[in-house]
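So the sequence lines, in the order shown, correspond to chains A and B.
Using this note's numbering, read the first sequence as starting at 1 and increasing by one per residue.
Using this note's numbering, read the second sequence as starting at 1 and increasing by one per residue.
Since the hints were made in silico from the structure, they are not lab data.
Treat each hint with caution, since some may be false.
Claimed, not checked - DSS-like cross-link-like pairs, simulated, lysine-lysine; straight-line CA separation at most 27 Å:
1) A:113 x A:35
2) B:122 x A:35
3) B:369 x A:35
4) B:200 x B:308
5) B:308 x A:40
6) A:62 x B:150
7) A:433 x B:308
8) B:16 x B:83
9) B:290 x B:369
10) B:452 x A:212
11) B:325 x A:40
12) B:369 x B:200
13) B:122 x A:51
14) B:395 x B:433
15) B:321 x A:35
16) A:113 x B:60
To be verified - One-sided excerpt, in silico: chain A residues whose CB lies under 10 Å from chain B:
17) 68
18) 76
19) 291
20) 292
21) 386
C-beta: ideal position from N, C-alpha, C; glycine also.
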Amino acid sequence: MENILAQAKRVAEEAEVFMVSSEETPVQFEANRLKHIQSKQSHSVALRIIKGGKVGYASTTKLDDSQELVSMAMETAEFGMPARFEFPSPTSYPQVEVFDPDIESISIEEMIKLGEELIVAVTSHTPDIICEAGVTKSVVSVHIINSQGGQTNYRKSVFSLGVEGTLIRGTDMLFVGESQNSCHPLLEPKAVAEVVLQQLELAKNQATVPSKPLPVVFTPYGVASALISPLMVAFNGKIVLEGASPIGNRLGEPVFDKKLLLWDDPTIAYRPGSRPGDDEGVPSQCTPLIEQGTVTNFLYDLQTAALAHTRSTGNGSRGRGGLPTPSPSTFIIAPGDTTFDEMVQDIKEGLVIEQLMGAGQGNILGGDFSGNVLLGYKVESGKIVGRVKDTMVSGNIYQILKQIIAIGNEARWVGSFLNTPPLYCPSLSVASKG
Amino acid sequence: MTHIEAFVHQLTEALKGRNADYIEARLEESQSSHITYRGRELESIGRTTAIGGNVRALVKGGWGFVSFNNLGELAGSVELAVKQAQLVGNQESQLAQVEPAVDVVSAEKDKNPVAIPLAEKKQLLDEYNDIIWRTPRLQTSIIGYSDGYKKVIFLNSLGSYIEQERADIALRLAAVATEGSEVQQAGLSLGSRGDFSLIKGRQREVELMAQHAVELLSAPQVKGGEYTVVLDPVLAGVFVHEAFGHLSEADFVYENDHLRQIMVLGRSFGNAELNIVDSAAVPGLRGSYKYDDEGVPATKTYLIREGKLVGRLHSRETAAKMKEKPTGNARAVNYRYPPIVRMSNTYIEPRVTPFEDIISDIKEGVYAKNWYGGTTSMEMFTFSAGEAYMIRQGKLAEPLRPVVLTGNVFTTLMNIDAIGNDLEMNQGGGCGKGEQMPLPVSNGSPHIRIRKCLVGGR
C-alpha cells in the first residue's frame with residue numbers, strides 16, 4: 001500500500017489508497033435442505049489521485065501491479081472533475097465497536113446446525129412450506145492512507161441469519177421471510193423463526209379490499225420497502241446540490257409531521273452499518289436529518305461538501321468500488337408512543353403493509369411510489385382478518401409523511417441499514433382486482 | 001503483468017485425483033472503464049482491472065464453492081471446495097450429461113471498448129449532455145456510461161477447457177425537470193455487445209427524452225384501476241422477462257413439488273398466438289454466448305408455444321433432477337459467484353397485427369412505453385413504464401405520469417389478446433437475481449395488448 005502511495009506521489013500532487021479485504025462464508029439451504037457452503041475471499045485496492053487539480057481514479061484486484069494502477073489513474077485524471085477538497089490529515093476517530101472475535105470461532109458445523117434449527121422451527125409450524133435459509137459470517141478489513149498523512153484502519157465482523165418461505169396452494173403463492181444481522185454471532189434461530197410464524201398466522205385467511213383510499217399501517221418491513229428509497233435520495237447532498245431534491249431548499253422548514261424524527265448514525269456499537277470513519281477517512285458522526293418534522297441536515301462527502309460550502313458529514317461511500325459519493329450509513333426513525341395493536345384497533349377498514357413489491361421503480365426523486373402488496377393484511381373493525389392479493393397501493397411520501405396518525409412504540413432493524421417503528425398513515429390510494 | 005493463462009496448468013493438476021463427483025473452475029481477467037455525469041460536469045471517471053477465480057465441487061449432491069483474487073494458492077482452494085461439498089453431501093449427485101468441450105471463443109466482432117480513448121467516449125457523452133441541457137425548464141441530467149472486456153477460462157474434471165472473451169457497453173441517460181417542489185424524470189437505456197458505434201447517433205432519442213421529462217411536469221397521474229393496456233416493444237420485453245421468464249427458471253421449480261405441478265409442461269398460459277423464446281444462441285445480443293458458465297452449449301428454447309408451456313431454462317443439475325435436457329442457461333455475473341439459472345435473450349415472437357389495429361378499438365386505455373424497471377415474486381409481478389399516454393377512442397391522447405403496472409402470471413398472460421408485427425430487442429437492461437446483478441441480458445417483443453391490467457394510480 002505504502003508503495004502504491006509513494007509511486008503515485010511521484011507523479012501526482014495528492015493521492016489516497018483504499019484497500020479492502022474480506023472473507024465471507026455463506027452456508028445456504030434450499031428446499032429445506034443444506035445445499036451449498038461457500039468461501040469468498042477478496043482483496044481490492046483503489047487509488048484516487050489529484051493531478052493538475054483534477055481527480056483521477058483506478059482500482060484493481062491485482063495486488064502485484066501497482067505500476068498499471070498508477071498509470072490508469074493518471075489516464076483518467078486528464079478528464080476528471082476539478083478537486084475542491086483535501087484529503088483528511090491525521091485525526092482521531094470515535095470509538096465504534098464493530099468487530100467481535102467470537103465470529104471467527106463459530107465453526108461451519110455450528111452454522112449448519114443454526115440453519116437446520118431455523119428451518120425445523122418453521123416447517124414444524126407449517127409442514128408444506130418450502131424454505132431457503134442462509135447463515136453467513138464475514139470479516140472485512142478496511143485500510144485507507146493518503147498523502148496528507150491521514151490513516152484509517154478497522155476490522156468489522158458481520159453475522160446474518162435469515163429464512164424465506166414459500167407456501168403454495170393451487171396457484172396461490174405466499175411469501176414470508178425474516179432476516180437478522182449483527183457484528184455479534186446470532187445464535188437464536190427461534191427469534192428469527194418467530195417472526196415468520198407470525199406472518200404465517202396472519203396470512204392464513206384471504207381477504208379482499210375495495211379500490212378506494214384507505215388508512216394504512218406500514219410495518220418496519222413495509223416502511224423499508226415503500227418509503228425509504230425516496231428519503232435516501234432526498235437527503236443526499238449531491239442531489240440537493242443539483243437542485244433535484246424536493247426538500248433541497250427547505251432546510252429549517254417543517255416539511256414532515258411533527259412526530260417524525262430521522263437521523264443517520266454510523267456510531268452504534270456492533271451494527272453492520274457502523275464504522276469509525278467513512279470510505280474517505282472522515283470520522284463518523286451522528287447526523288440529525290428530521291427533527292420534529294423539520295429538515296435539519298443533508299449528507300455529504302468531501303467533494304460535494306466543498307462544492308456546497310459546508311463540511312463532510314462522514315458519509316462518503318464507495319458503493320460499487322467507484323469514487324466516494326454521499327450515502328446514508330444507517331437510517332434511524334425514532335419510536336413513538338402507540339402500540340401496533342392500538343393502531344390496528346383504530347382502523348375501521350384499511351391495510352397493514354408488510355412488503356410492497358416494485359415501489360422503488362417509479363419517480364423516486366419526486367417521492368412517488370406505487371407497488372403490489374406482496375405481503376399485507378386487511379383490517380376490518382380493528383382486527384386483521386386476512387391477507388390481501390392482486391392489490392396495488394400508490395402515494396407520495398411527502399404527502400404521507402406530512403400527516404402521520406401515529407408512530408409505533410417498538411422499533412426494529414430491517415437489514416443492516418434501517419431501524420424503524422411501524423407508521424400509521426391516514427389515507428393511501430388502493431387499487432384492487434375483482 | 002499477470003495473466004490467467006499462466007495458471008491453467010497448475011489448476012488442471014490441482015483438479016486431478018480429488019475425492020469429488022465433479023469439480024469445475026473458472027479463471028477470469030477483466031478490464032473496464034466508467035464515466036458518469038451529474039449535471040453539466042463530469043462527476044466521475046475511472047478505470048478498473050480485475051483478476052480472480054473460483055472452484056466449485058460436487059460431492060453426493062452437495063456443493064462447495066471457493067472464490068478468490070489470489071491465484072497463488074489454487075491447490076488449497078480446490079481442497080477447501082471439496083471439503084465443503086463433503087460436509088453438505090448426503091445423497092446422490094445428479095448432473096445432466098454434457099460432452100466435454102475444448103474450444104477457444106475469441107470476441108470476433110466484439111471490439112474491446114475499454115481500449116477506445118477516453119477522450120472519444122467523453123466527446124459523445126458531452127454531446128448528449130449538451131442536448132439535454134438545451135431543453136428549457138430542465139433541472140439536471142444524469143449519465144452513466146460503462147464498458148468492459150473480459151476473458152474467462154473454464155475447466156472441469158471431465159476434461160473441458162473453454163476460453164471465452166466478451167465485451168459489453170451500457171449507457172443510461174436521465175433528464176430531471178423540476179417546478180416548485182415537483183420533480184419529474186425521464187430516462188433512456190442503451191447497450192451493445194462492445195460495439196461503440198451502436199450507442200452513437202442517438203441524438204434525436206436523447207432530445208425526445210429530455211423534452212418528455214419537462215412534459216411530465218404538467219401531466220396528470222392516471223386514476224388507479226383496471227385498464228386495457230398496450231405495451232411498446234421495450235416495455236413488453238420487460239414484461240415477458242418479469243411476467244414469465246423468471247418463472248421458467250428451473251431452479252425455482254426443481255425441488256418444489258407444488259411448483260412442479262403448477263409448471264407442468266403442456267399447461268396453458270396464453271392464447272394460441274403466444275410464443276415465448278429464450279435464446280443465447282442468437283448472435284450479437286447482450287445475452288448471447290456460445291457456452292454457459294458450466295460449459296454447456298447455448299440453445300434456443302421455446303418456453304411457451306401456441307400458448308402452452310413447452311420448456312424451461314436449466315442448469316445441468318436442474319435438468320438432471322427434472323429429467324429434461326440441459327439448455328445452457330447457468331450463468332454467473334462474475335467469478336465471485338457460482339452459476340445459477342438465468343435468462344439470456346428473451347422475447348415474444350412477432351405476429352401480424354399492425355400497431356394501429358391494436359389500439360383502434362380501445363375506448364379508454366393506457367399506452368405504456370419504455371421502462372424504469374420490473375420485479376417479480378413468481379406469481380405476481382410489477383413493471384413500470386417510463387412513458388405513458390391515455391388511449392381514447394382508438395387514438396393516443398394526453399401524456400401521463402409514469403405508471404406502475406402489476407399482474408398475476410396465471411391470468412395476465414391469458415389476457416394478451418393482440419400481438420404486433422414489430423419485434424424489437426432492447427439492449428439496455430440488466431437482470432438481478434439473488435445478489436448477482438447486473439447480468440447482461442436482452443428482452444424483446446412486438447407491441448402487445450393486455451386486457452384488464454391493473455394500473456396503480458391516484
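Quick one: which hint numbers does this structure break? Sort them smallest to largest. Violated hints (numbers, rising): 2, 3, 4, 5, 9, 11, 14, 19, 20, 21; every other hint is consistent with the structure.
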